[in-house]
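Asker: Whenever a hint applies, use it, and build me the whole structure from the sequences.
Residue numbers (our numbering), protein chains in the order written: chain A, 2 to 210; chain B, 2 to 210.
Warning: the hint list may mix true and false statements.
Identical chains share a label here; the pair holds if one copy fits it or two copies do between them.
[Claimed, not checked] 30 Å max Cα-Cα, derived DSBU-like pairs, lysine-lysine: (1) 186 x 153; (2) 186 x 10; (3) 103 x 8; (4) 210 x 175; (5) 50 x 175; (6) 186 x 50; (7) 8 x 175; (8) 175 x 153; (9) 103 x 197; (10) 182 x 51; (11) 153 x 103; (12) 182 x 210; (13) 175 x 51; (14) 186 x 51; (15) 175 x 10; (16) 51 x 10; (17) 197 x 10; (18) 182 x 153; (19) 8 x 153; (20) 197 x 210; (21) 210 x 153; (22) 197 x 153; (23) 210 x 186; (24) 197 x 182; (25) 182 x 8.
The hints are simulated quantities; they were obtained by calculation from the structure and are not laboratory data.
There are 2 protein chains.
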Amino acid sequence: MQKIDTKTKILNAAEQLFAERGFADTSLRLITSQAEVNLASVNYHFGSKKELIQAVLARYLEVFIPGLETALSELNETDERIDQRNVFECLVGPLLALNAFKHRGTTAFLQLLGRGYVENQGHLRWFITTHYGEVMDSFNQAVQNANPHLSKEEIFWRLHFTLGTVVFTMASSKALIDIAKADFKNEVDIEGLIRKVIPFISAGVSTAK
Amino acid sequence: MQKIDTKTKILNAAEQLFAERGFADTSLRLITSQAEVNLASVNYHFGSKKELIQAVLARYLEVFIPGLETALSELNETDERIDQRNVFECLVGPLLALNAFKHRGTTAFLQLLGRGYVENQGHLRWFITTHYGEVMDSFNQAVQNANPHLSKEEIFWRLHFTLGTVVFTMASSKALIDIAKADFKNEVDIEGLIRKVIPFISAGVSTAK
DNA sequence: ATATATTTTAAACATATGTTTGAAGAAAGG
DNA sequence: CCTTTCTTCAAACATATGTTTAAAATATAT
Chain A
2 MQKIDTKTKI LNAAEQLFAE RGFADTSLRL ITSQAEVNLA SVNYHFGSKK ELIQAVLARY
62 LEVFIPGLET ALSELNETDE RIDQRNVFEC LVGPLLALNA FKHRGTTAFL QLLGRGYVEN
122 QGHLRWFITT HYGEVMDSFN QAVQNANPHL SKEEIFWRLH FTLGTVVFTM ASSKALIDIA
182 KADFKNEVDI EGLIRKVIPF ISAGVSTAK
Chain B
2 MQKIDTKTKI LNAAEQLFAE RGFADTSLRL ITSQAEVNLA SVNYHFGSKK ELIQAVLARY
62 LEVFIPGLET ALSELNETDE RIDQRNVFEC LVGPLLALNA FKHRGTTAFL QLLGRGYVEN
122 QGHLRWFITT HYGEVMDSFN QAVQNANPHL SKEEIFWRLH FTLGTVVFTM ASSKALIDIA
182 KADFKNEVDI EGLIRKVIPF ISAGVSTAK
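Answerer: In structure tokens:
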């Protein structure tokens, strides 16, 4: 059994609590008690709560973004006609890879993303577009290629609708999966959920006005 | 110029600030200073911050739910084939009616709904399904009539995807509208946003597997 | 082994929060 | 008018929060 250093213990506890309860409702004392570290170590290792939040998100983005980058560049190199579903499929691999990187990683990442977008007047959006602007542009380009009938503004809106669908679904995935199991006797896991949501958002994005 | 009583002044200020900044990030002192009333009057009139939040939401639900009820019962009585868009259109009237009830009422209500769903581990979700279960069932029935090719389970999932789309979009509507204005020089108001989202969710709900 | 740097710790700090108190003020009823 | 009830107000209260401090403990390097 290997020893986990303080920094990682804080990140793990903070990640889980932020995803479950949101950033504002999670105190440093709650984080440090769950991580079994001293309160002051957060400020020592991260500087402030704000920087801790960024570090939690960064740990996932640093894995997810490169994965998305390679998937997108592969897609953009094929000469075949690109369907919107193919574009969204680019997200599936990198997203599920987060589960290998960390237990329940996919769900946690998507929940954090949702929290970050809704809280703090869209500061996360600014962070992502300034730090990972190229990937966003690349993804946007792929969507435009798949939907030549749509204006850039229409695509902007629909991609944000998509983000809402995914983020909200993942944030309440546990409850939804439980309900589905009780009402329809049907077991669905996180990958099954992704497979269900892709036809929905693909149809939404590609539909004619 | 009529005198507005303290209770209403608090509700108005709280509603605006809750919608803009979320519940956790809005202090009672911020509310009472904007409402120009004494701090203690919140506890006097509402008991606690939690009850104030419920009162703010209830003021809208009491107007919106009956409106939705009548729109749905009208739709369910026609013998014509119902399109999925007709079902979602049932929401538009009651939603826009909130603007007559109160200035910027539609936006405020939808933002509050989004905040309520995302904050506080889905407590609002439980509140609505237990208090307004009949309307939810009626809405569900209309969707089934409009989509006879879909199983009940598939509809269950897609309606929750829809909820996510709407709730997330509205919670971040201010930020999104600002970006659209900056990037595309295009002013979108809340009705415009509703008109944009309905084709998206309608296509998503009705698409074949 | 000693000196240096890094990390951990308990305690204190400053501030912000929701809530309560008790007196003063206003409104209503007889 | 006086009494009673309802409402407002400034102040205090108790607690929770993010952050800082300075000493102790541990690790690192020479």
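Asker: Which of the listed hints are broken here?
Answerer: 2, 6, 11, 14, 17, 19 and 25
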